[in-house]
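J.: Chains Z and F are the protein sequences, given in the same order.
Be aware that the first sequence starts at 162, since it is given in this note's numbering, and climbs by one per residue.
Be aware that the second sequence starts at 113, since it is given in this note's numbering, and climbs by one per residue.
Worth flagging that the hints you see were computed from the coordinates, not collected in a lab.
Keep in mind that the hints are not guaranteed to be accurate.
What the hints assert, rightly or not - What the simulated footprint calls covered on chain F by chain Z, stretch by stretch (three residues with Cβ under 8 Å from a Cβ of chain Z suffice, anywhere in the stretch; the number is not a length): (1) 242-250; (2) 275-282; (3) 311-325.
The beta carbon of each residue, even a glycine, is placed where N, CA and C say it ideally should be.
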Amino acid sequence: MNTPAPGGDAMTRKDLAARQAALLETLLTDAPAPSGFDPARLRIEADVLLTKRRKLVAYLRPDLPEALGERFRPLFDAYAAEHPKAVTVRAREYADTFAAWLVSRGDLPKPRWFRRRKR
Amino acid sequence: MTIPDPAAKTGAAAQPGPAAQADTATQTSSATEAHAAPRPGATPRTEETAAVTPAVPDAAPGTRTAGTRLGIGIGWRAELDLSIARMPGVDWVEVVAENLHAPHLPESLLALREKGMPVLPHAVSLSLGGAEPLDTARVEHLAGLARALDAPLVSDHVCFVRAGGLDSGHLMPLPRTREALDVLVANVRLAQSIVDVPFALENIAALLEWPENELTEEQFLTELTERTGCLLIIDVANLYANARNVRTDPAAFLDGIPWERLAYVHMAGGVERDGVYHDTHAHPVLPQVLDLLAELRRRTDPPGVLLERDDDYPTDTELATELAALRATVER
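Taking the hints into account, I'd like the entire structure generated from these sequences.
T.: Structure follows, in C-alpha cells:
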C-alpha cells in the first residue's frame, strides 16, 4: 500500500508552506479545497478540528455552555467559521473573544465585569 | 481529538493541542527546585543517554532498544493525578509539555518525581513539520521542563500545527515528500540543539492523505531517524487508525521501522464512526490495537508502553485493568 504518487514536480519549501497554509485555510474557514485532496476527508478533518476547538473553549469558559445550553454548539460553530484561531491569539483570549461576540449579538447579556472593562 | 458531547466532562487540558499552551496550567506549587528530585530509581533500569543498549535476551535476534528502560506508564492528566498516585502498575508518566511550567509544577506531579517515577515531557505544539521557521521559544519551554523534571528524553510529533498565520489546534499530517522530510529534518536538528536530552518523534493518526505522498510512512520515519539520530515513539493506535483510514499496511509498517531507535510505544482507545476510526483517547483500547501491540512485540521488546486517556475518564479499576493488559502483552 502507500503506493508512491507518480511524477509531479518537486516541492520547494516555499511551495510546502503555501500548501500547508492552504490546507489549514480550507479546514478552518470556508476557503475552497486545495487540489488533490479527498473532499469527504477534508470535511471529516474540518469537523474534528472544530469539535476540538469547541471543547477547548467550553473547558476554558464553562460559563458559556452553561448560559447558552443547546445554543452553544451552533453559535460557536458560526463564530469559528468566521474566526479561525490565529497563531497570535492565545486559547483563553480566543474563548473570551467568542464571549464578547455573543454579547455584541445579544446572545448573552452584558455581564457586569464586561461593562466595567469597557471604556 | 474528536469528541462526543460538549456537555461531557472535557479533557481539553489533557490533549489540548497547541491552542491550550499556558492556558490550562492551573495548579501551582511552591516547589521550584525540581532539579533536586532524585533520579528515577524505582523503575527496572534507567540510563542517561540514548546510547544503544542490548535488548533483553528474549527479544528478536539483533533487536536493540534505544536506551532508557521505562516499563508501563500512563499519560499524566490533572484529572487523573490522584488516581495515578494510588494506582498499581504505573512505572512512569508522560506529561503534555504545553500544560506545564517548570517553576509551577503541580504538587501531585512533584510527589511522583520524589518517589523516583520518571516524568517525560511530550510536546504537541512545536510544528516540527511546518515549513515556516521553527518557534524556538516553544522548544526552550520544552527544554526547561525536561531539566526541571530531570527527564531522560523529550518528544513531539511528525506533523505541523501552524501555517499561514492559522493554528489548527490539532496534529496535521505532512506530505511524505523529500522536501517535507528535508524541512522536518532541519527543524528536528534545530530542536535537538536546544534540548539537552534525546529527542523522540511520534507517528500521528491521519484522517487525510496528501496527494503528493512519495514515501511510505515507515520509509519517512526511517529516513528521519537516520538523518537526525532522533528516537521514535510508535503510537500503535495511530498505526491502527492509519491502517483503517489512510491505507497504511500495518505489517509493512512494523517490518520497516528501525526498532533500535524505539523510545517507547503509545497506546490509546478510539471509536469507529461512519466508517472512519477516530483516535479519541476517550474510549477503551480496542482488542485489534492490542493485537497490533502483540505484533510489534514479536519484532522488538519495547522499552516502554504508555496508555493515553484524555477524556471520559473511567474508574481507577478500569484504567488499572487496561494497564495490566498492556503489561501482559509485552512482558513475557
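J.: Looking back at the numbered hints, which does the structure fail to meet, lowest number first?
T.: Those not satisfied: there are none.
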